[in-house]
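**Q** Sequence:
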Amino acid sequence: MISSRRSWHASRRSSHPCVARRRAGCASCSGSVTGPIRRAEATRRADLAELAHIRTPLLEIAYEHSGPPTSLPVILLHGFPYDIRGYDDAVALINDAGFRTIVPYLRGYGPTRFLSDKTIRSGQQGALGQDLLDLMDALRIEKAVVAGYDWGGRAACVVSALWPERVHGLVSCTGYNIQDLTNATRPSAPEQEARQWYQYYFHTERGRNGLVQNRADISRQLWKMWSPSWPFDDATFARSAPAFDNEDFVDVVVHSYMHRTASVAGDPLYDFVEERLTAQPDISVPTIVLHGADDGIGVVTGSENHGRHFTGPYERRVLAGVGHNPPQESPQAFADAVLELCGSS
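Its first residue numbered 9, the sequence shown is counted upward by one per residue in the working numbering.
Just so you know, these hints were derived from the structure itself, not from any lab. Because the structure is a prediction, the values reported are computed rather than measured. Any given hint could be a false lead.
To be verified - Label pairs and their in silico Cβ distance ranges:
hint, residue 1, residue 2, range
1, 198, 221, 25 to 31 Å
2, 199, 283, 20 to 26 Å
3, 328, 213, 25 to 31 Å
4, 220, 173, 27 to 33 Å
5, 199, 63, 41 to 47 Å
6, 217, 188, 26 to 32 Å
7, 173, 221, 42 to 48 Å
8, 232, 319, 35 to 41 Å
9, 233, 190, 35 to 41 Å
10, 205, 309, 35 to 41 Å
11, 309, 78, 40 to 46 Å
12, 211, 309, 23 to 29 Å
13, 193, 65, 18 to 24 Å
What the hints assert, rightly or not - Derived EDC-like pairs (lysine to aspartate or glutamate); straight-line CA-CA distance at most 16 Å:
hint, residue 1, residue 2
14, 232, 302
15, 126, 256
16, 126, 302
17, 151, 173
18, 126, 242
19, 232, 242
20, 126, 275
21, 126, 68
The beta-carbon is built from N, C-alpha and C at its ideal position, and this holds for glycine as well.
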């Protein structure tokens, strides 16, 4: 339940009509969203979603958009190693409820491209956050609900913390995702370091070559390790794998994981953003944190004390039987969280 000290009433949990109807047995909202009927419907929706491109100062960002164009926008941000297909089921639910969705390919993924060969292929958190802000500016979006997991959750948290006036609400998977780079060289517990093997692998030339040659196999292995209870099939993975063939994927990924351990310098363009993030700024916008109980990389206990970073309305929900990719593993729970924030004032 939303903390009463944050002045957001528990009634928000069922405030949106679509959520309320589903819980009352509405045929359009009830049942398992991951069943064959809903998945087929979501696949049709994905086929109908319009792929567009827009230029920001550094990128040509490819994104899918659907839903009523004049409604409150919801921006959905994927992580590594995933892509926008992970949101297909959730998008169908959010659009059905009357809201617009924008689902961009992050830098280094899919058809998104850098405008200049001279731009550093950075994957640092400041770059991801600035990309989101630049996308909103380019699309002339004054305010949106932002939601994401992994890298996408980090971008959403960065914008929510530094530019709260642009955020109507935040859904962040695994909690407060802003990296504490002042402690970048401080080791984690051995069991967590073991989970992060791929990060240290990418620090080496062998690992970089491995990512170049085996990007799909490495990505699939991480999906399995991070979501051990998610029985995704070959077709599901095949829909996302082409996004990793982006010519900048390897450079962006390697930089991201080396930057977070202070093993490589960041792009000076983001020094101002990174400097503000070193303070671990609070997030004041209405927030729902989703954490999969079976997450194999960001273990569920890791977000138990993250509430201290959120000074506005806040709720943390643990999703049983879900791993690292909540929107694809539990799209109904993810969409419910988004819709509750869409209905908040």
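**Q** Checked against the structure, which of the hints given earlier come out wrong?
**A** 2, 3, 4, 9, 10, 13, 16, 18
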